[in-house]
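S.K.: Spelled out, the chains give:
2 protein chains.
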Amino acid sequence: MNNLSQESCEACRADAPQISDEELKQLIGKIPDWNIEVRDSIMQLEKTFRFGSFIKALTFSNKIGEAAETEGHHPTLLTEWGKVTVTWWSHKIKGLHRNDFIMAARTDEIFKQSHD
Amino acid sequence: MNNLSQESCEACRADAPQISDEELKQLIGKIPDWNIEVRDSIMQLEKTFRFGSFIKALTFSNKIGEAAETEGHHPTLLTEWGKVTVTWWSHKIKGLHRNDFIMAARTDEIFKQSHD
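Residue numbers (this note's numbering), protein chains in the order written: chain L, 292 to 407; chain H, 292 to 407.
Rather than coming from a laboratory, the hints here were simulated on the basis of the structure.
Note that the structure is predicted; figures quoted are calculated from it, not measured.
Keep in mind that the hints are not guaranteed to be accurate.
Heads up, the list lumps identical chains together, so a pair's fine if it works in one copy or across two of them.
[Said to hold, decoys possible] Simulated pairs of lysine-lysine, DSS-like, Cα-Cα distance not exceeding 30 angstroms:
1. K321 to K338
2. K338 to K354
3. K347 to K316
4. K354 to K316
5. K316 to K374
6. K374 to K354
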């Protein structure tokens, strides 16, 4: 159990601070399989999950979408035959917030549950 | 009614020919809002559809996924807050087949139906 996945997202305001370098190091250690991608100078968390069919991939996208709706924090979901690439970042602050790490950890939990 | 959307996909073999330049011109005229993108030398049909929420975007992705399953021909679906980018191409022939234009036209029909 990754405790991070059990945390709730807090409301993210436009003036909320991005995570510090120290927090980044600590939090990325809790979700070691996630990549940090930088697009248009915006740091994002990204991971690709693999499945045996298109419909299994889409089912996973729906589960992540449901979790996103619950927290009011939304990723991008690239659904392809046999894989889903999930990308989390905080639009309002144009970077990473603790919320993104919480949702990344929860994404891993949902993937694990769907394979148990 | 776009007649193209009423056609069925035919099985696409690895040795099936890509569409000719003439066919391309004729078929793209039937789906004028779609862009042709070339990625890794592969021609793809792409269009972004806009919605008022994340969940409406995801619902649309599901409808397209359902149509894809029915025809056994699958797109990539990039679901984001308020939009879905749909990309069609034929993996087996690394390019565009008539099937892709049929599915693009059908995608437009599904979008239109979900807004009627």
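S.K.: Give the relationship of K316 and K374 under a CA distance limit of 30 angstroms: within one copy only, between copies only, both, or neither.
M.R.: Close inside one copy (28 angstroms), not across copies (32 angstroms); limit 30 angstroms.
S.K.: One pair to classify: K374 and K354, alpha carbons no more than 30 angstroms apart. Within, between, both, or neither?
M.R.: For K374 and K354, both the intra-copy (14 angstroms) and inter-copy (18 angstroms) Cα distances are at most 30 angstroms.
S.K.: For K321 vs K338, is the C-alpha pair at or below 30 angstroms within one copy, between two copies, both, or neither?
M.R.: This pair counts as within: shortest intra-copy Cα distance 14 angstroms, inter-copy 37 angstroms.
S.K.: When no copy is named, should K354 and K316 be tagged within, between, both, or neither for a Cα gap of at most 30 angstroms?
M.R.: within (28 angstroms within a copy, 40 angstroms between copies)
S.K.: With identical chains treated as interchangeable, where does the CA-CA distance between K338 and K354 reach 30 angstroms or less: within a copy, between copies, both, or neither?
M.R.: both (15 angstroms within a copy, 25 angstroms between copies)
S.K.: One pair to classify: K347 and K316, alpha carbons no more than 30 angstroms apart. Within, between, both, or neither?
M.R.: neither (33 angstroms within a copy, 35 angstroms between copies)
Checked against the numbered hints listed earlier, the structure breaks hint 3 alone; every other hint is satisfied.
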